[in-house]
Amino acid sequence: DAGVIQSPRHEVTEMGQEVTLRCKPISGHNSLFWYRQTMMRGLELLIYFNNNVPIDDSGMPEDRFSAKMPNASFSTLKIQPSEPRDSAVYFCASREKGGTYNEQFFGPGTRLTVL
Amino acid sequence: RKEVEQDPGPFNVPEGATVAFNCTYSNSASQSFFWYRQDCRKEPKLLMSVYSSGNEDGRFTAQLNRASQYISLLIRDSKLSDSATYLCVVQTSGNTPLVFGKGTRLSVIA
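Protein chains in written order, with this note's numbering: chain A, 1 to 115; chain B, 1 to 110.
Calculated directly from the structure, the hints in this document are not laboratory data.
Only a predicted model underlies this, so the values are computations on that prediction, with no experimental measurement involved.
Just to be clear, a hint being listed does not mean it is correct.
Stated by the list, open to error - Cut-off 30 Å, straight-line C-alpha distance, at most; resulting in silico cross-link-like pairs (DSS-like, lysine-lysine):
(1) A:K24 with A:K68
(2) B:K42 with A:K78
(3) A:K68 with B:K2
(4) B:K45 with B:K2
(5) A:K68 with B:K79
(6) A:K97 with B:K45
(7) A:K78 with B:K45
(8) B:K45 with A:K24
(9) B:K79 with A:K78
(10) A:K68 with B:K45
(11) B:K42 with B:K2
Unchecked claim - Now the stretches of chain B that chain A is said to cover, found in silico as 3 or more residues with beta-carbon under 8 Å:
(12) 18 to 30
(13) 48 to 58
Backbone N, C-alpha and C fix where the C-beta goes; we use that ideal spot for every residue, glycine too.
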């Protein structure tokens with residue numbers, strides 16, 4: 001079981017550049033979540049998908065952020081243009097969608113540094 | 001007011017000590033409660049669910065007080081390997097996202 005896969009693991013870029021983060025959820029999981037974690041704000045939900053459909057993107061900080069899920073096995077989070085305050089760890093997580101709780105599994109995260 | 005609030009710590013305790021973490025949540029509609037553990041530079045992982053009657057898993061005991069909207073985690077006989085950040089998590093229903101507290105950092109010292 002490969003778990004949730006994220007790439008890249010580390011990204012260092014300059015302000016103004018486009019950044020694309022990638023996520024492959026666990027096979028069979030139909031809910032996918034993008035979180036951002038910083039020391040100041042903790043773990044914040046940015047957006048989540050059920051069955052590849054965006055359900056709630058109210059956590060996306062600005063129009064510079066966008067996310068897609070073209071199919072059940074792939075999602076991207078894009079920042080364009082990037083700014084230094086976007087520096088954080090970005091986690092993708094997946095779980096089975098259902099009426100009773102199913103454990104949510106996180107990927108290893110992408111550590112983004114914007115200079 | 002933050003939806004889930006925790007004391008950020010750090011809690012520095014000697015091996016063998018008992019340590020308790022507390023958490024409060026603001027949404028009275030919350031139905032499910034959990035503790036996640038996050039090691040340094042790693043992803044969060046589920047430690048245990050929290051049930052209304054309270055539950056125990058080895059050295060770990062979780063309690064829920066719905067009236068006070070309060071959750072606790074007790075760790076007995078602390079081990080060095082317990083050093084991590086403990087995240088309090090709530091959920092409104094099975095289909096909604098998890099809401100995380102900022103975490104409480106624990107350092108167990110030899």
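How the hints compare with the structure:
1. A:K24 with A:K68: Holds - the C-alpha atoms of A:K68 and A:K24 are around 12 Å apart, at most 30 Å.
2. B:K42 with A:K78: OK: B:K42 and A:K78 at ~22 Å, within 30 Å.
3. A:K68 with B:K2: holds, 28 Å
4. B:K45 with B:K2: holds, 22 Å
5. A:K68 with B:K79: Roughly 42 Å separates the two Cα atoms, so the pair is violated.
6. A:K97 with B:K45: holds, 18 Å
7. A:K78 with B:K45: holds, 25 Å
8. B:K45 with A:K24: holds, 18 Å
9. B:K79 with A:K78: violated, 41 Å
10. A:K68 with B:K45: holds, 25 Å
11. B:K42 with B:K2: holds, 24 Å
12. 18 to 30: As far as the region 18 to 30 of chain B goes, the hint is violated, because 0 residues have Cβ atoms under 8 Å from chain A.
13. 48 to 58: violated (count 1)
When the structure is compared with the earlier hints, violations turn up for hints 5, 9, 12 and 13 and for no others.
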